[in-house]
Structures are given as C-alpha cells and as structure tokens.
Amino acid sequence: CGMVAGGFSASVTTPLDVAKTRIMLESTAAPSARIASQAVPEPARQSVIKTLVRIGRHEGLAGLFSGVVPRTLWISLGGAI
Numbered sequence: 006c007g008m009v010a011g012g013f014s015a016s017v018t019t020p021l022d023v024a025k026t027r028i029m030l031e032s033t034a035a036p037s038a039r040i041a042s043q044a045v046p047e048p049a050r051q052s053v054i055k056t057l058v059r060i061g062r063h064e065g066l067a068g069l070f071s072g073v074v075p076r077t078l079w080i081s082l083g084g085a086i
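Take the sequence shown: its letters are residues 6 to 86, numbered as in our numbering.
Treat the hints loosely; a few may be bogus.
[As the list claims (entries may be wrong)] Simulated restraints, written as ranges between beta carbons of each label pair:
id, residue 1, residue 2, range
1, Lys55, Cys6, 18 to 28 Å
2, Gly7, Ser32, 16 to 26 Å
3, Gly72, Thr33, 12 to 22 Å
4, Leu30, Leu66, 15 to 25 Å
Rather than coming from a laboratory, the hints here were simulated on the basis of the structure. All C-beta atoms, glycine included, are put in the ideal place defined by N, C-alpha and C.
Generate the whole structure from the sequences, applying the supplied hints.
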C-alpha cells in the first residue's frame with residue numbers, strides 16, 4: 006500500500022520538484038551562466054507558479070515531468086521497504 010501511495014504522490018508532484026530544482030539551480034549559478042541558460046531573461050528570484058508556466062511554455066509536459074520514471078521508482082521502492 007505504501008509503495009502505490011508513494012509512487013502516485015511522486016509522479017503527481019514531479020512538476021513541483023522540477024520547478025524547485027530549476028529555481029535552486031538558477032539562484033546558485035554564476036550571473037553569466039544564468040543569463041546564457043535562460044531563453045527568456047527573468048529575475049533571479051521567481052515564484053514556483055511562474056517557473057512552472059515558463060517550463061510549460063518552453064518545454065511542454067515533457068519538461069514538467071522530466072525525471073518522473075526514476076523518481077517514481079525510487080520513492081515506490083522506498084515505500085515497499
């Protein structure tokens with residue numbers, strides 16, 4: 006039961022994890038790398054919603070759910086133990 010619940014919650018919350026990771030990486034990157042890596046320049050501090058919208062527009066659902074399979078498997082295995 007924990008395996009299914011954990012796997013489901015991991016897959017559903019993947020876009021939030023992707024947004025969190027992007028925000029963290031953008032805030033720690035050097036200013037020149039930050040400007041070069043962004044298709045649309047944005048302030049260094051962004052909200053999660055703005056980041057989700059930006060990823061959705063530029064990368065689509067594939068970008069929002071990038072890494073869903075390994076994350077779901079990892080958390081499902083942890084729930085099974």
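Hint check for Leu66 and Leu30 - Cβ pair distance inside 15 to 25 Å = holds, 20 Å
Taking the CB of Gly72 and the CB of Thr33, does the distance hold inside 12 to 22 Å?
-> holds, 19 Å
Could you say whether the range 18 to 28 Å given as a hint is met by the Cβ separation of Lys55 and Cys6?
-> Check failed, 36 Å falls outside 18 to 28 Å.
Distance restraint evaluation - Gly7, Ser32, Cβ atoms, bounds 16 to 26 Å | violated, 34 Å
Of the numbered hints stated above, those contradicted by the structure are hints 1, 2, listed in ascending order.
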